[in-house]
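Just so you know, the protein sequences line up as chains A and B, in that order. Numbered according to our numbering, the first sequence terminates at residue 438, and the numbering increases by one at each position without gaps. Numbered according to our numbering, the second sequence terminates at residue 247, and the numbering increases by one at each position without gaps.
Bear in mind the hints are in silico, worked out from the structure with no lab data behind them. Treat each hint with caution, since some may be false.
In silico SDA-like pairs for lysine to any residue, Cα to Cα no more than 25 Å straight-line [to be verified]:
id, chain 1, residue 1, chain 2, residue 2
1, A, K211, A, H168
2, A, K38, B, E225
3, A, K65, B, H10
4, B, K205, A, L113
5, A, K350, A, I234
6, A, K38, B, V96
7, A, K419, B, M168
8, A, K38, B, A17
9, B, K112, B, R100
10, A, K391, A, R372
11, A, K38, B, N199
12, B, K180, B, G58
13, B, K205, A, A118
14, A, K206, B, N199
15, A, K38, B, R100
16, A, K206, A, Y141
17, A, K339, A, K415
18, A, K65, B, Q198
19, A, K65, B, G58
20, B, K205, A, A110
21, A, K38, B, M168
22, A, K65, B, R56
23, A, K419, A, N371
24, A, K38, B, L228
25, A, K38, B, S57
26, B, K205, B, Q234
27, A, K65, B, V96
28, A, K38, B, Y136
29, B, K205, B, M168
30, A, K38, B, Y206
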Amino acid sequence: MAILDTRMECCPRGELEQLQLERLQPVLNRMYKNVAFYRSLFDERSIVPEDVCSMQDFRKLPFTTRSDLTANYPYGMFAVPLREVVRIHTATDTTDTPTVVGYSAHDLQTWAALVARFLSAGGVTRDDVIQVSFRYGLFSGAFGLHHGAEQIGASVIPASSEHTDRQIRIMQDYRTSVLVATPSFALLLADRMEALGIDPKLLMLKRGLFGGEIWSEDTRRQIEQRLFIQAFDNYGVSELMGPGIAGECSERSGMHICEDHILPEIIDPATGRTLAPGETGELVLTTLTREAFPLLRYRTGDLTSLNYAPCACGRTLVRMSRIERRTDDIVIVKGINIVPQQIEKILTDIEGIEPLYRVIVGRENNRDSVTLHVAVSEHVFFDEVKHHAAFVERLRSELSRRLGLRIEVKLMEKRTLDRELETGPRVLDTRNL
Amino acid sequence: MLRLQNIHTGYGDIAVLKNVSLHVSRGEIVTLIGANGAGKTTLLNTICGLVRARSGTVVYNDREVTACSADEIVRLGISQVPEGRQIFAPLSVVDNLRLGAYVRYRAWGKKKVQARIEQMYALFPRLHERAQQYAGTLSGGEQQMLAIARALMADPDLLVLDEPSMGLAPLVVAEIFKTVSRLRDERTTTIFLVEQNARTALKYADRGYVIETGKIMLEGRSEDLLNNREVQRAYLGRQKQPIWE
Numbered sequence: 006m007a008i009l010d011t012r013m014e015c016c017p018r019g020e021l022e023q024l025q026l027e028r029l030q031p032v033l034n035r036m037y038k039n040v041a042f043y044r045s046l047f048d049e050r051s052i053v054p055e056d057v058c059s060m061q062d063f064r065k066l067p068f069t070t071r072s073d074l075t076a077n078y079p080y081g082m083f084a085v086p087l088r089e090v091v092r093i094h095t096a097t098d099t100t101d102t103p104t105v106v107g108y109s110a111h112d113l114q115t116w117a118a119l120v121a122r123f124l125s126a127g128g129v130t131r132d133d134v135i136q137v138s139f140r141y142g143l144f145s146g147a148f149g150l151h152h153g154a155e156q157i158g159a160s161v162i163p164a165s166s167e168h169t170d171r172q173i174r175i176m177q178d179y180r181t182s183v184l185v186a187t188p189s190f191a192l193l194l195a196d197r198m199e200a201l202g203i204d205p206k207l208l209m210l211k212r213g214l215f216g217g218e219i220w221s222e223d224t225r226r227q228i229e230q231r232l233f234i235q236a237f238d239n240y241g242v243s244e245l246m247g248p249g250i251a252g253e254c255s256e257r258s259g260m261h262i263c264e265d266h267i268l269p270e271i272i273d274p275a276t277g278r279t280l281a282p283g284e285t286g287e288l289v290l291t292t293l294t295r296e297a298f299p300l301l302r303y304r305t306g307d308l309t310s311l312n313y314a315p316c317a318c319g320r321t322l323v324r325m326s327r328i329e330r331r332t333d334d335i336v337i338v339k340g341i342n343i344v345p346q347q348i349e350k351i352l353t354d355i356e357g358i359e360p361l362y363r364v365i366v367g368r369e370n371n372r373d374s375v376t377l378h379v380a381v382s383e384h385v386f387f388d389e390v391k392h393h394a395a396f397v398e399r400l401r402s403e404l405s406r407r408l409g410l411r412i413e414v415k416l417m418e419k420r421t422l423d424r425e426l427e428t429g430p431r432v433l434d435t436r437n438l
Numbered sequence: 003m004l005r006l007q008n009i010h011t012g013y014g015d016i017a018v019l020k021n022v023s024l025h026v027s028r029g030e031i032v033t034l035i036g037a038n039g040a041g042k043t044t045l046l047n048t049i050c051g052l053v054r055a056r057s058g059t060v061v062y063n064d065r066e067v068t069a070c071s072a073d074e075i076v077r078l079g080i081s082q083v084p085e086g087r088q089i090f091a092p093l094s095v096v097d098n099l100r101l102g103a104y105v106r107y108r109a110w111g112k113k114k115v116q117a118r119i120e121q122m123y124a125l126f127p128r129l130h131e132r133a134q135q136y137a138g139t140l141s142g143g144e145q146q147m148l149a150i151a152r153a154l155m156a157d158p159d160l161l162v163l164d165e166p167s168m169g170l171a172p173l174v175v176a177e178i179f180k181t182v183s184r185l186r187d188e189r190t191t192t193i194f195l196v197e198q199n200a201r202t203a204l205k206y207a208d209r210g211y212v213i214e215t216g217k218i219m220l221e222g223r224s225e226d227l228l229n230n231r232e233v234q235r236a237y238l239g240r241q242k243q244p245i246w247e
C-alpha cells in the first residue's frame, strides 16, 4: 500500500528531529506573540520562547488542558485574526464546556494531506468509492476524512448520519469500496444486513477505516469476519484538528503519528513526568505547523505508548499503540465526549435532585446507550406514576439537549444509589470495547 | 548539508539571533526573509565564521564548523557573496576573480585558476568583455555578477548570498535571480540567500524561513509562505487596511 509522502513519512530520524526543532521554535514564537493565554503562561514562569533550546527545556513548559480551551472560549486561543480563519469546528459539543477549533486555509490543506496519508496507508486509491458515515456537522471528523479522500482522488459519498437502511442501500447501489465510520456503526451495519438478509460478500466493500471511539482487536476481528473487509485504525483529537494525527499502515502494528506536524510525548498522568519510549502513559501533543490554532503540550487524556522501532512498511514515523483507556472519567459514545462534571452541573440546575448520580454505558445490539441513575430527594419520590413519568421525561430532555445525546434516566432512592457507588465506579462502561 | 541548531548570536549586550534553527539540503535554494535589522546578515556571518555564535551549533556536511575560522569555512566549500557586493573597485575584473580563488591557489596552481576564470567568463560573458576594466567602473548589476563569480572561484558547494537584489533595478534583479537558479540547475550548487525583497526571493526559492527581530516566525515551502497572510501583510505589501480616524 502506497506511501503518499515518502520524503516525510520515510524521513531519516535525524533529519526529522532537525525539522521538528525548526518548526517548534517558530510555533512557540507565534504562540507567544499572538495568543494572550500562552504569553501569560510564559510570563508567569519568566520564560521566553527562545530559552527553549532542547527537549529538556521543552519538557519544562506547562501543559494545555481542555479547561484552558473552555476558559478561552470562543476565540481566545486563536493565533490569527478571525478574518484569516476559514473554518470553525467544535471539539466538545455541549453547552457547559464548549470549545472551538479554528483552521486557516493552510491548516485545511495540511489537514487534508495528513488524512490522505493514512487513507493511502490503508490502501485507499483514486479508484475507490468511499462512504463517509460520520455525521457532518460541528464535529470535524467527517470533514477531515472527506477532504483527505478528495485529495487522493477517491469518489466520496458524504453519507453522514443517514439511516442504517439507507446507508446499506447506498453501499449496494453506489458500489462503495471503502467504509469510513465508527467501529460500532460498522457492527450495526453488519447486524442490519443480517436482519435484511443481505450478503456482505456481494458488496464491493474492501476495506474500512475506523475511528472516533475506543475499540479493540476483538472488535476488529468481528468487523472483518462479518463484513469481509480489512479494518484499519486511525487516531484523531478533535481539539487538535480531528482525524489525521495517526493511522495504521499495512503492518497494522500501531498507528504512525505525523511527526513532521505533531510532536508527541508520553507522560505520567499523575506527575506530569515524561516517560520513556515503550512505557504506557498519557499522550501529550504539540502542533508544529498549525497557524490558526496552535496547541502547546495538549493533554489528550488518551493512554498509549510510543514505539520508535523502524516499521516493516518503511515509514520512520513513530507508532502509537491502540488507545485502550483514558485517564479521566470521560466516556466516548457515538463520537461524543461525555464528561461527568457536565452531568453534575446539569443536575444541580434541576430542582428536586440530589447531586448523586451514576452513569452506565452499555451496548445492546451494537447500539450504545447511556443510562443515568439519579437519586431524588425523598419528598419528591412520587406516589403518582404520572408525575414520576413527567419528571423523568423533563430530566431526559434536558440532558439530551445539553449533552447532544440521548440519555435514559432511572430515578433511585438515595440509599440504593449510595450502596451502588460504594461498590462500583461512578462511570461504568459495560461495553466490551 | 547545512544544519543550524539553536543559534544565539549577539554583539556586546545585544542579542541579535535568538534560538535560530534551520537547514539547507543539497541542491536546494533556501531563502531567509526579514526586515531591516532582523538579523539576516548576522546569521550569514555566523555561518561563514565572521561572527561567533554564543551558543548552538553549525554543522556542515556532518562536521561541526561552529568554531571554524572564515578561511577554513571557505576551504570546506561555503562561499559568501556579501551585502553590497564589496568588490575590489580599484582592481581589474580579472584580478577580482583571481582573489576569489585565494584559498585554492596553492592547491590548484596557476593553470587551474585560469581554467576556472574561463568557466566564469562562460557563465558571465559580460565579465569577459570587461576583464581588464576596473571593477569600480562596472554597473551595479555587473558588479553583482562579479561578486557572485568571485565567490564561485573558490568552487563552493554552498553559495550564500546576502541581499543580491540590493540597489538594483527590477530587471537586473530578475537577471541575477535567474543566474542563481541556473547555478543550482546546471552546476548543482546549493543556494542559501537572505533577502528583503521577499516576493522575488520566494519566487525563485524552494523553501523559506521568516525572521523577525532575531526569531524565526515561520518555516515552509515558498508557495505556502507566499500565500501566508502574515507574510503578505508584513513583507509583500498586500492587504493593506485603510486607516480610519
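Can you confirm whether the C-alpha distance between K38 (chain A) and M168 (chain B) stays at or below 25 Å?
violated, 30 Å
Would the hint linking K206 (chain A) and N199 (chain B) be met if the CA-CA limit is 25 Å?
violated, 62 Å
For the pair supplied as a hint, K38 (chain A) and E225 (chain B), is the alpha-carbon distance within the 25 Å limit?
Holds. K38 (chain A) to E225 (chain B) sits at ~24 Å (cutoff 25 Å).
Is the Cα-Cα distance between K38 (chain A) and Y136 (chain B) 25 Å or less?
violated, 50 Å
Within 25 Å, alpha carbon to alpha carbon, are K205 (chain B) and M168 (chain B)?
holds, 17 Å
Regarding the pair K205 (chain B) and Q234 (chain B), is the alpha-carbon distance no greater than 25 Å?
OK: K205 (chain B) and Q234 (chain B) at ~13 Å, within 25 Å.
For the pair we were handed, K206 (chain A) and Y141 (chain A), check the Cα-Cα distance against 25 Å.
Given pair K206 (chain A), Y141 (chain A) is violated - Cα atoms ~28 Å apart, limit 25 Å.
Can the restraint linking K38 (chain A) and S57 (chain B) be considered satisfied, given a maximum Cα separation of 25 Å?
holds, 24 Å
Within 25 Å, alpha carbon to alpha carbon, are K391 (chain A) and R372 (chain A)?
Status violated; Cα separation ~29 Å.
Regarding the pair K205 (chain B) and A110 (chain A), is the alpha-carbon distance no greater than 25 Å?
holds, 20 Å
Mind checking the alpha carbons of K205 (chain B) and A118 (chain A) for me, to see if they're no more than 25 Å apart?
holds, 23 Å
Against the 25 Å threshold, does the CA-CA distance of K419 (chain A) and N371 (chain A) hold or violate the hint?
violated, 32 Å
Checked against the numbered hints above, the structure violates hints 5, 6, 7, 10, 12, 14, 15, 16, 18, 21, 23, 27, 28, 30; every other hint is satisfied.
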